[in-house]
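Take a look at the letters that make up each chain.
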Amino acid sequence: MIAQGKVRPAVAPVSEGRSEGVSLAVHDLSLRYGQGEWLFENVRFTVCPGQLVALAGPSGSGKTSLMRCLSGALAPTSGSVRYHLPDGRAVPPSGMGPRLGVVFQNLRLTGAATAIDNVCFARLGRQPFYRTLFGFSRDDREGAYAELCALGLCHMARAPISRLSGGERQRVAVARALFQEAKVILADEPVASLDRPNAERCLACLRQRCHRDGISVLVVLHDEDLIERFSDDVVRLQPRAELSTAV
Amino acid sequence: MTAEPPEREPVRPAPRRAGRPVPLPPDRWTHRLDLQSCATILFLIFVVTALPLLRGSGRSLDTWGNLVRFVSGFIPPDLSIWQTTLAALWETVQMAALATFFGVILSFLLSIAAARTLSPQWVVTPVRMLMNGIRTIPSLIWALIAVAVVGANPLAGVVGLTFYSIGYLGKFFSEAFEAVDLEAARGLRAIGAGRLQTFQYGLWPSARPIVWSYSLWMFEYNIRSASIVGYVGAGGLGLHLLRYQEFGQWDRFATVLLCIFAVVTSLDFLSSRLRGKMVSRAQGDV
Ligand SMILES: Nc1ncnc2c1ncn2[C@@H]1O[C@H](COP(=O)(O)OP(=O)(O)OP(=O)(O)O)[C@@H](O)[C@H]1O
Ligand SMILES: [Mg+2]
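Chains as they are written, first to last, in my numbering: chain A, 796 to 1042; chain B, 253 to 538.
Honestly, the hints are just simulated from the structure, not real lab data. All C-beta atoms in this analysis are idealised placements derived from N, C-alpha and C, irrespective of residue type, glycine included. Some clues are possibly wrong.
To be verified - Non-contacting residues of chain A with respect to chain B, defined by C-beta distances greater than 12 Å in every case (computed): (1) E815; (2) P888; (3) T905; (4) T909; (5) D912; (6) P923; (7) Y925; (8) D990; (9) R1007; (10) D1020.
Unchecked claim - Just some of the chain A residues that point at chain B, by a computed CB distance under 8 Å: (11) G831; (12) N837; (13) A868; (14) L869; (15) G874; (16) V897; (17) A908; (18) F916; (19) C1000.
Stated by the list, open to error - Pair ranges (Cβ atoms, derived): (20) A:S932 to B:L434: 22 to 32 Å; (21) B:A349 to A:Y925: 40 to 50 Å; (22) B:L331 to A:R936: 53 to 63 Å; (23) B:A339 to A:R936: 43 to 53 Å; (24) B:T369 to A:H950: 29 to 39 Å.
When you get a sec, could you build the whole thing from the sequences and use the hints?
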């Protein structure tokens, strides 16, 4: 029902040098809403620091639901999600705090705030409220701007999110996740509404950051070509109709 | 192309095929008597029963003559009192500004407690009841209460108008907060932001234009109210109005009225332009 097939070995196996990486371990995760049919059963996989794993499956197969279990927004019906910290502890999603970066499928950006501010929001979890009460530091703003530029949004930095196109918003959401200095990034279809060159640029950014900083990255992707080119490993969720006939 | 196009079939009017068109069933009188028309009828009945009020005192008065005499007392306005009037006007605006300031701060806190999306129900209900209670009391009565408590001075006006403002702003602000979509805020929570940060950056940007615009409206409203609370001794222009009325100095009374008129009109003009800008910006943003 679930296949984790190696596309290629992790390009930069960072595990030796990076003691500060956080890996994600999913054990026998199963989920169904109420008494409905199982969305997925006994899913198990790991994402190591410096590894970009793709999560694939047709629409409605439960990718977003799985991501919600991983970010702690949804309690799985059974099984466990653990993040292994460098100090040897294994914590549930709630223990991750700002170390967990998320790109939501519905983005969840603040519409009335500017693009650069939305990227700065990534740093909220690392600062006490009185530091952010009167806005963000020069450093934060410059870092956020660089992040936006890397995704081709230099000229949009001061525009409010509500004036951006769908794809531009999506890139802001990715920039926010990248700017968070998270140890684990969960990205739900971060390139769904992007044209091919921009999708590639986005994924290249994610992948480069993943390898450079030893981040564990799980990305929901539909496009087989993109999966092939950018991911180190794939987790596939099977469509539910097939599931019921196969079992 | 070759076969008879089957699309033609449904075009034929259905009733004719059935022989005669189905007649529309007649409306029964109960159908027309919906809630709105019932309310209208009840209201009209009430108006009819209230008609005797229009008789006035019952004596035949020279209405037109009265009006002319009264208004001619206003003309020309006695502008010699401009210094005291302007000073009182200044005090009025100051009272309104202070009352708006305190009102905005207090209602901001209260409105968070009164927003269903931000606070638990057991907090929301009593706070809303409190604000509803505050709102039912007119500003002049609030000023009267304040005069009884802190004495007849401008402080009483500030206190009274502050309470009055809380009743309205609390309601408006909490509605503004409830109208904001919480998606963004939930997203910020998920990536580790604290509660206050989540409010400040996930919710406040969307609510801010509306909160500003209501605050401005309240300031404008408070200037109007502040010029009347003096009638019960709470400072400002009203005190002068009361004095000139008691001594029948209608030409001076007219000067004060002119003053109020000028301030309120210009403020109305300014703030409606400002609010229009804010709201249009908010609509572009959200
Ligand atoms: N809160 C919920 N309650 C009940 N059913 C739900 C809930 N959320 C999602 N579902 C159902 O679970 C199934 C999987 O939804 P999910 O959003 O995880 O799919 P997905 O794989 O992310 O699809 P897509 O590629 O279209 O985003 C869908 O059939 C959906 O109707
Ligand atoms: Mg999804």
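Right, here's what the structure says about each hint:
{"no.": "1", "hint": "E815", "in the structure": "17 Å, holds"}
{"no.": "2", "hint": "P888", "in the structure": "9 Å, violated"}
{"no.": "3", "hint": "T905", "in the structure": "4 Å, violated"}
{"no.": "4", "hint": "T909", "in the structure": "9 Å, violated"}
{"no.": "5", "hint": "D912", "in the structure": "7 Å, violated"}
{"no.": "6", "hint": "P923", "in the structure": "8 Å, violated"}
{"no.": "7", "hint": "Y925", "in the structure": "9 Å, violated"}
{"no.": "8", "hint": "D990", "in the structure": "25 Å, holds"}
{"no.": "9", "hint": "R1007", "in the structure": "21 Å, holds"}
{"no.": "10", "hint": "D1020", "in the structure": "29 Å, holds"}
{"no.": "11", "hint": "G831", "in the structure": "24 Å, violated"}
{"no.": "12", "hint": "N837", "in the structure": "26 Å, violated"}
{"no.": "13", "hint": "A868", "in the structure": "7 Å, holds"}
{"no.": "14", "hint": "L869", "in the structure": "11 Å, violated"}
{"no.": "15", "hint": "G874", "in the structure": "20 Å, violated"}
{"no.": "16", "hint": "V897", "in the structure": "6 Å, holds"}
{"no.": "17", "hint": "A908", "in the structure": "5 Å, holds"}
{"no.": "18", "hint": "F916", "in the structure": "5 Å, holds"}
{"no.": "19", "hint": "C1000", "in the structure": "18 Å, violated"}
{"no.": "20", "hint": "A:S932 to B:L434: 22 to 32 Å", "in the structure": "27 Å, holds"}
{"no.": "21", "hint": "B:A349 to A:Y925: 40 to 50 Å", "in the structure": "28 Å, violated"}
{"no.": "22", "hint": "B:L331 to A:R936: 53 to 63 Å", "in the structure": "56 Å, holds"}
{"no.": "23", "hint": "B:A339 to A:R936: 43 to 53 Å", "in the structure": "48 Å, holds"}
{"no.": "24", "hint": "B:T369 to A:H950: 29 to 39 Å", "in the structure": "35 Å, holds"}
Checked against the numbered hints given earlier, the structure breaks hints 2, 3, 4, 5, 6, 7, 11, 12, 14, 15, 19, 21 and satisfies all the rest.
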